[in-house]
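Peer 1: Using the sequences and the hints, build the whole thing.
Which chain is which? The protein sequence lines are A and B, in order.
According to numbering that gives the first Met the number 0, the first sequence is numbered sequentially starting from 0.
According to numbering that gives the first Met the number 0, the second sequence is numbered sequentially starting from 0.
Everything labelled a hint here was simulated from the structure, so no lab data went into it.
Just so it is clear, CB atoms sit at the ideal spot from N, CA and C, and this is done for glycine as well.
Some hints could be false.
Straight-line Cα separation of at most 27 Å, DSS-like style, residue types lysine-lysine; simulated pairs [said to hold, decoys possible]:
(1) LYS26(A) x LYS75(A)
(2) LYS140(B) x LYS91(A)
(3) LYS26(A) x LYS34(B)
(4) LYS95(A) x LYS75(B)
(5) LYS180(B) x LYS40(A)
(6) LYS101(B) x LYS39(B)
(7) LYS95(A) x LYS39(B)
(8) LYS91(A) x LYS75(B)
(9) LYS231(A) x LYS163(A)
(10) LYS192(B) x LYS34(B)
(11) LYS40(A) x LYS101(B)
(12) LYS48(A) x LYS101(B)
(13) LYS75(B) x LYS90(A)
(14) LYS26(A) x LYS101(B)
(15) LYS51(A) x LYS196(B)
(16) LYS40(A) x LYS75(B)
(17) LYS140(B) x LYS90(A)
A short, non-exhaustive set of chain B residues, derived as facing chain A with CB atoms under 8 Å [said to hold, decoys possible]:
(18) PHE165
(19) GLU168
(20) PRO169
(21) LEU170
(22) GLY173
(23) GLU174
One letter stands for each residue in the lines below.
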Amino acid sequence: MIFFRPILFFFILIAPLKANTIYNLIKIPNLEIYETNTENKLRYLYAAKPFKLGADVKKNIQCFDSNKETLDIKYKIINENLNRYSSDFLKKIGLKYIVLCEDLSIAEINTAGIPNNITRTLILDIKFNEAYFERAIHHEVFHIIKDTYKDFFDDADWKNFNKKKFEYSECSTCNNKWNLSTYNKTKGFLTEYSKSTASEDMAEVFSHLMFYQNKIYNDDPIIKRKILFIKKNILKIDNTFNF
Amino acid sequence: MINKIKASKSEKIILWFLIILGLFTLTSLIILKNKCLFVKKHEPNNIKFDNPENIAILNASCGNVIIELYPDISPKAVARFKTLARSGAYDDAAFHRVIENKLIQAGDLQFGKRENLDYGKVGTGKSGLGLIESEIDGDFKYERGSIGLARTFQMNTEDSQFFIIFQDEPLFEGEYTPIGKVLFGLEVLEKVKFMPKFHIVPRPDFINSLKLLN
Chain A
0 MIFFRPILFF
10 FILIAPLKAN
20 TIYNLIKIPN
30 LEIYETNTEN
40 KLRYLYAAKP
50 FKLGADVKKN
60 IQCFDSNKET
70 LDIKYKIINE
80 NLNRYSSDFL
90 KKIGLKYIVL
100 CEDLSIAEIN
110 TAGIPNNITR
120 TLILDIKFNE
130 AYFERAIHHE
140 VFHIIKDTYK
150 DFFDDADWKN
160 FNKKKFEYSE
170 CSTCNNKWNL
180 STYNKTKGFL
190 TEYSKSTASE
200 DMAEVFSHLM
210 FYQNKIYNDD
220 PIIKRKILFI
230 KKNILKIDNT
240 FNF
Chain B
0 MINKIKASKS
10 EKIILWFLII
20 LGLFTLTSLI
30 ILKNKCLFVK
40 KHEPNNIKFD
50 NPENIAILNA
60 SCGNVIIELY
70 PDISPKAVAR
80 FKTLARSGAY
90 DDAAFHRVIE
100 NKLIQAGDLQ
110 FGKRENLDYG
120 KVGTGKSGLG
130 LIESEIDGDF
140 KYERGSIGLA
150 RTFQMNTEDS
160 QFFIIFQDEP
170 LFEGEYTPIG
180 KVLFGLEVLE
190 KVKFMPKFHI
200 VPRPDFINSL
210 KLLN
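Peer 2: Here you go:
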């Protein structure tokens with residue numbers, strides 16, 4: 000212990016100072032403020048330079064800076080979609096910071112967003128496939144909701160909605176070719192990506208509910224039960240929530 | 000008989016130059032040694048306060064810092080701060096985290112006291128009174144001189160540690176529980192020891208005392 004303490008102190012001293020307020024708040028470097036004066040108190044930040052993140056030295060999450068024109072265009076779309084969540088709801092689920100950047104990837108697999116309910120941050124790839132971009136925003140918001148209210152969105156309960164023989168894939172990032180198009184004949188799943196994990200399946204149902212504003216006319220009994228489950232539990236969080 | 004030798008004009012100039020140089024060096028040394036020389040002193044007894052029950056006096060090496068607390072904005076946090084101030088718990092607590100021109104942090108009562116400063120753990124200590132809930136919904140502007148309670152990454156983990164900011168920090172609004180503002184003596188805190196490029200200060204300065212006015 001006598002030897003350990005000076006070594007620990009040495010490491011504390013050589014740890015570089017990052018006096019940047021944003022970094023201190025959400026532990027993502029190279030960000031600047033895009034907009035903080037919003038109706039629902041969300042704070043939008045953007046990558047002024049590329050950044051890398053990760054729990055270990057590998058830092059397997061990375062994203063790149065974008066030009067102002069793209070930022071301005073995508074901010075409008077994102078803001079319009081996220082404005083549907085009230086500040087009260089966002090506070091309950093723990094979402095406060097939206098990070099805008101390009102070509103977001105985790106372990107070199109491109110992704111639409113990376114949510115973190117501990118830092119109350121959602122990183123969004125503003126260059127993500129335009130066909131699914133708006134839906135993906137709500138999809139990622141759902142991951143924050145689920146991470147904050149794990150008991151409400153239990154994977155085991157959810158799996159019971161599916162046919163007995165069905166098994167989800169081992170992970171959502173095992174395959175980078177999941178299709179996000181909505182099926183015409185759903186058979187219990189709205190998209191191919193829904194089949195990846197229970198969590199992604201829930202997020203897909205929620206994002207469809209939000210994107211199509213509750214206008215999913217579906218005769219599929221499994222989908223009906225899944226929709227009911229999502230709605231019931233979202234309303235438990237906030238009984239004023241509008242899909 | 001010894002003749003008195005008069006100093007030449009140039010010798011007189013050199014002599015005066017040496018005397019002035021000596022005085023200048025001496026004065027400079029005194030000024031350099033005394034970092035508090037130009038810090039204005041604030042005596043709370045000479046100031047009339049609107050809410051004397053919400054005034055706290057922090058004494059550091061360069062003088063008094065006079066703080067107004069806002070129980071209307073953060074009742075639980077201010078109550079905790081007052082409890083600790085009344086018991087003298089903040090006396091001899093280190094200013095363990097100082098970032099030049101940005102903020103100063105103190106109040107680690109477990110690992111940051113003068114008698115048991117633990118460099119490996121300072122900043123992680125608690126008061127022993129338990130954690131309190133974040134109070135971040137009040138209308139409060141984090142301007143220069145604002146004081147907030149520090150917390151971990153998680154909300155509702157406030158305890159005894161507090162910070163005072165040297166610049167406006169709008170991003171802190173809705174993030175950290177505010178407890179008050181410095182009315183007088185922020186310059187006292189700007190003289191507290193810091194280490195450029197590092198957060199944790201080795202051999203830090205300490206709070207001499209932190210008490211309530213009433």
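Peer 1: Does each hint hold? Answer for all of them.
Peer 2: Each hint tested on the structure:
1. Straight-line distance between C-alpha atoms of LYS26(A) and LYS75(A) comes to about 25 Å, which keeps the hinted pair within the 27 Å bound.
2. Taking the CA atoms of LYS140(B) and LYS91(A), the gap is about 23 Å. The hint holds against a cut of 27 Å.
3. A C-alpha spacing of about 35 Å is found between LYS26(A) and LYS34(B), which places the hinted pair above 27 Å, so the restraint is violated.
4. Note on LYS95(A) and LYS75(B): the hinted pairing holds, with a Cα-Cα distance of about 24 Å set against a maximum of 27 Å.
5. For the hint linking LYS180(B) to LYS40(A), the alpha-carbon distance of about 24 Å falls within 27 Å, and the restraint holds.
6. Taken as a hint, the LYS101(B) and LYS39(B) pair is honoured in the structure, with Cα atoms around 21 Å apart against an allowance of 27 Å.
7. As the CA atoms of LYS95(A) and LYS39(B) are separated by approximately 41 Å, the hinted pair breaks the 27 Å bound.
8. Taking the CA atoms of LYS91(A) and LYS75(B), the gap is near 21 Å; set against the 27 Å cutoff, the hint holds.
9. A C-alpha spacing of about 23 Å is found between LYS231(A) and LYS163(A), which places the hinted pair at or below 27 Å, so the restraint holds.
10. Restraint check for LYS192(B) and LYS34(B): satisfied, since their Cα atoms lie roughly 10 Å apart, inside the 27 Å limit.
11. Between the alpha carbons of LYS40(A) and LYS101(B) the distance comes to roughly 24 Å, so the proposed pair stays at or under 27 Å and holds.
12. For the hint pairing LYS48(A) with LYS101(B), the CA-to-CA distance comes to about 23 Å; that is within 27 Å, so the pair holds.
13. Among the hinted pairs, LYS75(B) with LYS90(A) is consistent with the structure: their alpha-carbon atoms are about 20 Å apart, no more than 27 Å.
14. For the hint linking LYS26(A) to LYS101(B), the alpha-carbon distance of about 18 Å falls within 27 Å, and the restraint holds.
15. A hinted pair counts as satisfied when its Cα atoms are at most 27 Å apart, and LYS51(A) with LYS196(B) qualifies at roughly 22 Å.
16. Simply put, LYS40(A) and LYS75(B) have alpha-carbon atoms about 24 Å apart, close enough for the 27 Å limit, and the pair holds.
17. This hinted pair checks out: LYS140(B) and LYS90(A) have alpha carbons roughly 19 Å apart, not beyond 27 Å.
18. About 11 Å separates the beta-carbon of PHE165(B) from the nearest beta-carbon of chain A, more than 8 Å, and the hint is not met.
19. A cut of 8 Å between beta carbons decides the hint on GLU168(B): the least distance to chain A is about 6 Å, and the hint holds.
20. Satisfaction of the interface hint for PRO169(B) is found here, the shortest Cβ-Cβ separation to chain A being roughly 7 Å, below the 8 Å cut-off.
21. The restraint placing LEU170(B) at the interface with chain A holds, with a minimum CB-CB distance near 5 Å, inside the 8 Å limit.
22. Look at GLY173(B): its Cβ gets to within about 6 Å of chain A, closer than 8 Å, so that hint holds up.
23. A hinted interface residue such as GLU174(B) counts as satisfied when its beta carbon comes closer than 8 Å to some beta carbon of chain A; here the least separation is about 6 Å, so the hint holds.
The structure is inconsistent with the numbered hints 3, 7, 18, although it conforms to all the rest.
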